[in-house]
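Novice: Sequence:
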Amino acid sequence: MLKIYPAIFYAEDTGYWVEFPNLEGCQTQGDSLEEAMLMAQEVLGLYLVSLEERKLPIPTPGNPATLTAPDGAFATLITTNMNLYRRNKSVKKTLTIPLWLNQKAEECQINFSGVLQEALMQKLDIAQ
Numbered sequence: 000m001l002k003i004y005p006a007i008f009y010a011e012d013t014g015y016w017v018e019f020p021n022l023e024g025c026q027t028q029g030d031s032l033e034e035a036m037l038m039a040q041e042v043l044g045l046y047l048v049s050l051e052e053r054k055l056p057i058p059t060p061g062n063p064a065t066l067t068a069p070d071g072a073f074a075t076l077i078t079t080n081m082n083l084y085r086r087n088k089s090v091k092k093t094l095t096i097p098l099w100l101n102q103k104a105e106e107c108q109i110n111f112s113g114v115l116q117e118a119l120m121q122k123l124d125i126a127q
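Quick note on numbering that gives the first Met the number 0: the sequence shown kicks off at 0 and runs consecutively.
None of these hints come from the bench; they were simulated from the model. Be careful, since some hints might not be right.
Claimed, not checked - Capping the alpha-carbon separation at 35 angstroms, the derived lysine-lysine pairs in DSBU-like fashion look like this:
#, residue 1, residue 2
1, K103, K2
2, K92, K122
3, K122, K91
Stated by the list, open to error - With beta-carbon atoms standing in for the labels, derived distance ranges:
#, residue 1, residue 2, range
4, L119, P97, 14 to 24 angstroms
5, P60, M120, 15 to 25 angstroms
6, C107, L50, 34 to 44 angstroms
7, T93, A72, 50 to 60 angstroms
8, P69, S89, 14 to 24 angstroms
9, Q116, K54, 22 to 32 angstroms
10, P20, L100, 49 to 59 angstroms
11, L32, K92, 39 to 49 angstroms
The C-beta atom is built at its ideal place from N, Cα and C for all residues, glycine as well.
Given these sequences and hints, build the entire structure.
Specialist: Structure below.
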């Protein structure tokens, strides 16, 4: 699931630090602009997944047009894919399908787990 939030990058002597005005306590830093950008994407994903796992509301992103950065800083949008930061521990599920369907799928060497995952993500409207 792709999310986009405004962030403010502050230049320092040794790199940049980043804050997300709409997400209390969501901050990071990097030794270069490139590293700070990557760290911002990661911290944003981890922060949002943490809220989701704790069943807390995910704040609505602020309007980037109204965001102003102080002198020496700049505002930009950061994107993250929450699916990259979700726990990916597999769980075993038992299911029942008709014998003829099972035989046909096995003849075609269908990966049952893969098909089930794809179908569930499609049904739940979750981007991969």
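Novice: Now, for every hint given, state plainly whether the structure supports it.
Specialist: Going through the hints against the structure:
1. At roughly 39 angstroms between alpha-carbon atoms, K103 and K2 are farther apart than 35 angstroms, so this suggested pair is violated.
2. Under the criterion of a C-alpha separation no larger than 35 angstroms, the hint pairing K92 with K122 is consistent with the structure, at around 17 angstroms.
3. The straight-line distance between the Cα atoms of K122 and K91 is roughly 19 angstroms, inside the 35 angstroms bound, and the hint therefore holds.
4. Between L119 and P97, the C-beta spacing of about 20 angstroms keeps the proposed range 14 to 24 angstroms intact.
5. With their beta carbons about 23 angstroms apart, P60 and M120 fall inside the hinted range of 15 to 25 angstroms.
6. Restraint check, C107 to L50: a C-beta distance of roughly 41 angstroms satisfies the suggested window 34 to 44 angstroms.
7. Distance hint for T93 and A72: a CB-CB separation of about 54 angstroms, consistent with the stated range 50 to 60 angstroms.
8. Distance hint check for P69 and S89: the Cβ-Cβ separation is about 46 angstroms, which falls outside the suggested range of 14 to 24 angstroms.
9. The beta-carbon spacing between Q116 and K54, approximately 23 angstroms, falls within the hinted interval of 22 to 32 angstroms.
10. For P20 paired with L100, a C-beta distance near 52 angstroms keeps the hint of 49 to 59 angstroms intact.
11. Range check, L32 to K92: about 44 angstroms between beta-carbon atoms, so the 39 to 49 angstroms window is met.
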